[in-house]
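There are 2 protein chains.
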Amino acid sequence: MEISFIGAGNLAWHLAPALENAGHHINEVFSRQLQHSRQLVSNLFDAHTHSDLNFADSPSRLFILAVSDDALENVCSRLVLPEDAILVHTSGGQSLQLLEQWMAIYSDVPVHTGVFYALQTFTKGLSFMAFDEIPLCLEASDKETEELLVQMGQNISDIVYLITSEERQALHVAAVLACNFTNHLLTLARELTIRDDLEFDLLRPIIAETFRKGLAASNPADVQTGPARRGDLTTIENHLAFLADQPKLAELYQVMSDSIRHHYGK
Amino acid sequence: MEISFIGAGNLAWHLAPALENAGHHINEVFSRQLQHSRQLVSNLFDAHTHSDLNFADSPSRLFILAVSDDALENVCSRLVLPEDAILVHTSGGQSLQLLEQWMAIYSDVPVHTGVFYALQTFTKGLSFMAFDEIPLCLEASDKETEELLVQMGQNISDIVYLITSEERQALHVAAVLACNFTNHLLTLARELTIRDDLEFDLLRPIIAETFRKGLAASNPADVQTGPARRGDLTTIENHLAFLADQPKLAELYQVMSDSIRHHYGK
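Here the protein sequences line up with chains F and X, keeping their order. What the first sequence shows, in this note's numbering, is residues 1 to 266, in sequence order. What the second sequence shows, in this note's numbering, is residues 1 to 266, in sequence order.
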């Protein structure tokens with residue numbers, strides 16, 4: 001597949017080399033920040049930086065939008081694609097329908113559309129992530145595009161799913177809970193220890209063991225512990241009193257504890 | 001040290017063998033459920049089950065309370081200890097002062113008191129946890145007891161801290177946030193996927209990678225991602241709309257997102 005990347009951030013950094021290693025050909029990389037596209041191109045075989053969003057003369061068939069959700073519509077409105085192009089976005093939170101609508105409005109030629117969502121968190125780094133264990137959630141505007149995306153997905157990953165935009169939304173909300181919110185709880189826990197001149201390192205072993213247990217369980221509910229799980233209202237009251245001078249954190253503690261108590265009928 | 005355990009639950013299951021391996025001697029194990037004390041005793045050299053809370057004739061010096069917080073006062077009120085005994089609890093959430101007060105009320109003889117809090121989550125299992133990497137948070141009513149507990153702690157762990165009850169409270173609240181609440185978020189994420197007939201396994205790679213990054217960072221805030229971190233209000237609104245039929249979960253989503261936005265000024 002002849003491919004161009006629009007966006008040279010964390011995802012493109014890992015996905016472009018993975019596609020090349022699977023035998024695909026990256027022609028062009030566009031980024032608002034030329035330095036980013038230059039960096040990415042330097043890791044690819046013979047891709048070039050592309051300085052604008054006019055791809056009318058591009059040799060590529062597949063155009064991969066790897067930009068932030070906020071930038072998607074703006075990019076689509078300025079994008080010029082060749083005949084018979086396939087345009088996919090890589091977002092967990094945006095529907096396929098929206099992309100179809102935008103291209104119906106903004107594009108002079110008909111465009112095949114799709115979603116190529118890699119359910120993983122990416123950070124630019126020295127090494128490239130192996131994609132074979134990363135779930136790919138695919139969706140397409142038509143059967144031919146779907147088959148092309150599935151084939152390309154299977155070239156790089158063992159876990160390829162056809163997922164509707166609604167299902168992808170559920171996965172995205174679930175990932176926000178299980179990933180973004182959990183990481184923020186680590187931040188809040190760290191601040192509590194630091195405030196009392198304690199070392200966050202004291203908590204690392206119990207956090208590591210909790211994560212290990214939670215992921216090893218077929219259902220994390222089986223290994224839930226703590227005062228809310230036990231319905232230990234005395235400890236919950238003590239903790240809320242301890243947090244009295246941080247009302248926002250106390251509210252968060254209350255809401256999470258209520259959710260646990262409700263879940264286990266305590 | 002000659003030791004008796006009061007309680008034969010998850011902590012005692014791991015701590016008693018660890019103390020034996022370090023050369024200490026477990027004489028007796030009491031549990032309300034005889035089956036539990038029998039199980040634990042079967043893993044120890046020559047300990048016996050003890051059928052009541054009268055330890056007046058016990059050869060032990062140290063008595064380790066390894067019971068749930070809720071049961072602590074009731075157990076203390078019925079406990080009969082020999083002269084010059086040391087009584088420690090193993091709870092993250094209870095103060096040393098409370099134990100001192102209870103024993104002043106309930107015990108006929110003066111008792112040295114202390115706290116021997118292992119900052120880890122324990123589950124009975126086939127193998128025993130190595131204690132050398134588990135932080136021990138110790139506290140004692142007097143200098144001699146403190147020295148004995150520190151020495152015993154250092155026999156089994158490389159990470160021994162003298163921690164006040166207030167500091168232990170901060171650690172305990174932080175551990176509830178970073179461990180109990182995070183595990184519950186995994187449960188909630190699993191339910192969202194199952195509700196849409198999706199497999200929770202799809203989320204395991206991104207959760208594992210998030211945890212890896214969060215624990216590898218010196219500050220988890222450095223690797224925070226997601227719509228709230230970006231201040232992406234459109235996605236947050238979409239997610240809240242998606243959760244409209246689950247008001248409690250929507251409230252939790254809102255409170256967590258607000259906390260993240262507030263933290264990063266978004």
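Fair warning: there could be bad hints in the mix.
For identical chains, the list gives no copy identity; a pair is met inside one copy or between any two copies.
Claimed, not checked - As a list, the in silico PhoX-like pairs of lysine-lysine whose alpha-carbon atoms are at most 25 angstroms apart: (1) Lys-143 with Lys-213; (2) Lys-248 with Lys-143; (3) Lys-124 with Lys-143; (4) Lys-248 with Lys-266; (5) Lys-124 with Lys-248; (6) Lys-124 with Lys-266; (7) Lys-213 with Lys-124; (8) Lys-143 with Lys-266.
It should be emphasised that the hints constitute simulated quantities derived from the structure, not laboratory data.
Consistency of the hints with the structure:
no. : hint                 : in the structure
1   : Lys-143 with Lys-213 : neither (41 angstroms within a copy, 38 angstroms between copies)
2   : Lys-248 with Lys-143 : neither (49 angstroms within a copy, 39 angstroms between copies)
3   : Lys-124 with Lys-143 : neither (33 angstroms within a copy, 52 angstroms between copies)
4   : Lys-248 with Lys-266 : both (24 angstroms within a copy, 16 angstroms between copies)
5   : Lys-124 with Lys-248 : neither (33 angstroms within a copy, 36 angstroms between copies)
6   : Lys-124 with Lys-266 : between (44 angstroms within a copy, 23 angstroms between copies)
7   : Lys-213 with Lys-124 : between (29 angstroms within a copy, 13 angstroms between copies)
8   : Lys-143 with Lys-266 : neither (50 angstroms within a copy, 41 angstroms between copies)
In this structure, the earlier hints numbered 1, 2, 3, 5, 8 are contradicted, and the remaining ones agree with it.
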